[in-house]
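Number of protein chains: 2
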Amino acid sequence: MSLEPLRAVLPPHVLVTDPVALEAARADKSGHRSVAAPLAIVEAEEVAHVQAAMRWASEHGVPVVPRGAGTGLAGGSVAGGGELVVSVDSMRRLLDVSLIDQSCVVEPGIRNAELNELLATHGLWWPPDPASRAISTVGGNIATNAGGLLCAKYGVTREWVLALDVVLADGSRITTGHRTVKGVTGLDLTALMIGSEGTLGIVVGATLKLRPLVEGAVWTVGAFFDDETSAAAACTAVTAARIRPAIMELVGIDAVTMLAAYTGRPMEGAFVLVQTDDLGAEATSEVVAGILAAHGGRVERTDDLSESDALVQVRRQVHFALESFGTVLVEDIAVPRSRLAEMFGACHAAAARHGVRLAVTAHAGDGNLHPTFVFDGEEPSEAIWACANEVFAAGLALGGTLTGEHGVGLLKRRWLADELGERQLELQRAVKATFDPQGILNPGKAV
Amino acid sequence: MSLEPLRAVLPPHVLVTDPVALEAARADKSGHRSVAAPLAIVEAEEVAHVQAAMRWASEHGVPVVPRGAGTGLAGGSVAGGGELVVSVDSMRRLLDVSLIDQSCVVEPGIRNAELNELLATHGLWWPPDPASRAISTVGGNIATNAGGLLCAKYGVTREWVLALDVVLADGSRITTGHRTVKGVTGLDLTALMIGSEGTLGIVVGATLKLRPLVEGAVWTVGAFFDDETSAAAACTAVTAARIRPAIMELVGIDAVTMLAAYTGRPMEGAFVLVQTDDLGAEATSEVVAGILAAHGGRVERTDDLSESDALVQVRRQVHFALESFGTVLVEDIAVPRSRLAEMFGACHAAAARHGVRLAVTAHAGDGNLHPTFVFDGEEPSEAIWACANEVFAAGLALGGTLTGEHGVGLLKRRWLADELGERQLELQRAVKATFDPQGILNPGKAV
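In order, the protein sequences belong to chains U and V.
So that you can map any letter, position 198 of the first sequence is 193 in our numbering, and since no number is skipped, the others follow by simple counting.
So that you can map any letter, position 244 of the second sequence is 239 in our numbering, and since no number is skipped, the others follow by simple counting.
Derived from the structure by calculation, the hints contain no laboratory data.
Treat the hints loosely; a few may be bogus.
No copy is singled out in the list; a pair is fine if it fits within one copy or between any two copies.
As the list claims (entries may be wrong) - List of simulated lysine to any residue pairs, SDA-like, C-alpha gap at most 25 Å:
1) K24 - N111
2) K204 - Y149
3) K148 - D221
4) K204 - P58
5) K148 - R237
6) K148 - G118
7) K204 - A235
8) K148 - R352
9) K24 - V100
10) K204 - Q308
11) K148 - L94
12) K148 - L274
13) K148 - H55
On a predicted model such as this, the values are computed, not experimentally measured, just so you know.
Input sequences plus hints: build the corresponding full structure.
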């Protein structure tokens, strides 16, 4: 495939064929790696570059992989042989902020944390809060409908996007949605784009819905439990008490054991972390502490920043602890909150059956679990895949879903029909085809 | 068209051909009326009835109008000659409620207020709050992505639906979405269905996301202003102060004048109503009262239920007051909150140019205006349509949208391309065609 016609319509530095850059585009943070490097990378600096790339790709039937910072956990932005990467990584400006409209306009490459630092100077906040917020882009958050720790209370990405500027497969450009809080003109293509992992179009701009920063002190409650069942029951009881914590996390026993070894700090059992915010945070944290204690938790409660941080680090350091024991493969099941304890049990049973190491953490506030395989070598064994299969099946049987927040990407495609059913999957593929009749947008991903 | 094959597969009382019932299905609450009565009504009592109706309609190419309680304001459920009405009005059970999962499963015909009465006994709440909540169905709220008074703070219908059970045009049945708080498997067909006004499928069941009832006293602030510009500026200042009121409404001067005549209670000027709820409601209401007074408002503030109700009635009775002066046609523009005063001005300028009577109220908290034409006789004059045209154009020019919460239905179709652009409209129609290749689902509505 000659790149000459494309080179002719782009500034020289925008069309990247440097082998090091191409090599990097073969992977993301999923652990997945394509067989060969892509053709080239269009490192777009403006919408017109994306349009030019799509017109060329469309004309020549070249598959395109949209990409931001490459921090995805499901392989959605992994690019392979014969593919063109269209990167919006460098399009990262905050174009407009309105305090009255509580909205802002951004380019897709802006980092989540970078955006929120800028917004904080206006007293505003964009709530989607993936763990990767320091390094992941708003465009990537949109592509995967990212969740995070705060979303039981503050919602997922879809709730915080008003309008999208999208380049379609043929290079044409549309604006979906509206800049207003409400709007029901036509089908909701904005919501359809969110979570579509670059299979329908390339997001080149977004109008985000904001809210005022939450004021006042945050209170933190941490508790260790003898077993995961008690810990899960305590979380359930917090929800049943109609409390809406900002964060409620559960770290399983195996993960805590690995964390103790990693940090050298003695700790054991299953760990529950709860944070309350906004007015009434202190009183609510007292009620939470009482509930955790009544379920057998050894409770600490604080609004001191450094004590609070020590508790939060138990949760935040788990991933690093696990990585110190081997290669990790992070799964992303979500189940109804009432089934949390059962899902922990199903993970352990499957791991025992297959003789694999599986540590489980959960966003207990919303029922999203991250069972994480820890193994030697680079590639997961057949036993791990067999175990993962059983974990997925158990999650679906409990009324859950295959992916709470990471996306389908490459990793979960083979289980799609199990969750969606053949009729719905066929419909999803037909919708995809209306946007991308040639099938050049992120082929082999998501749907 | 012979109904015999359909009669053969349905219980006799489910297939309704009573002329009185058929006559009623020619209209909804939009003021629009079809030219002739529909063929028949399938008054479904279970999903199988809807499937049987769609299979028959699909086989014979008969257009179908999905319908609930018929309270729509945009003509979306108006049925005409040669059309089959599929009504889910009688499918109104609450099938399941989970306190832990904070979700419930309903049939589509359940009334919004009826559902919320049942949920309140569990301490739970489904927040979508259209003014029609006593009479409108949850299925209808979903079909139009209904908003209401509370949605600047609590979101629109789309934020509160987890999963849908849908009968497609060919009679097959799919379940979209998930029962979990998070979930990103495949394209978000749940969001696509919401607001699609019965053009993609018929919703026969829904899993709704709930939240705990908001506790504590509600505080109410009401204020009359000499002019609408000051009133709008006061509302803008409340938002700029990063306050999130539960309700913030603005009733224009003409509407207040008609209301004074209707109620016999002396009042004049533009009226602003603000309610604050949850923890801190009292302190926040004091701040609000200060802001309104600083903008020239004559302020009352109360948590007394009857005093509060008197203030709320100023807003709630406007529609009845206007109806006492003639026939009404309610419009539904939404603009960014920062453009509220300009949009009031544009409405008055257009009304003056065309010599028509136009009273304006607004959900000031979210920028959604309901300019309402009041006229003699049954049908709006050409001058009214010309004025409406200018109002729509002004709304779009201010970065707004044609319909904030009522839907496109029949009424707004001719302006669709102005808002969406030709390319997006074409794409929307292609998506519609993937769901409904024969075009039998609510033809001539929404897209």
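### Query
Of the numbered hints stated previously, which ones are contradicted by the structure, given in increasing order?
Per hint list: 3, 4, 8, 9, 10, 13 violated.
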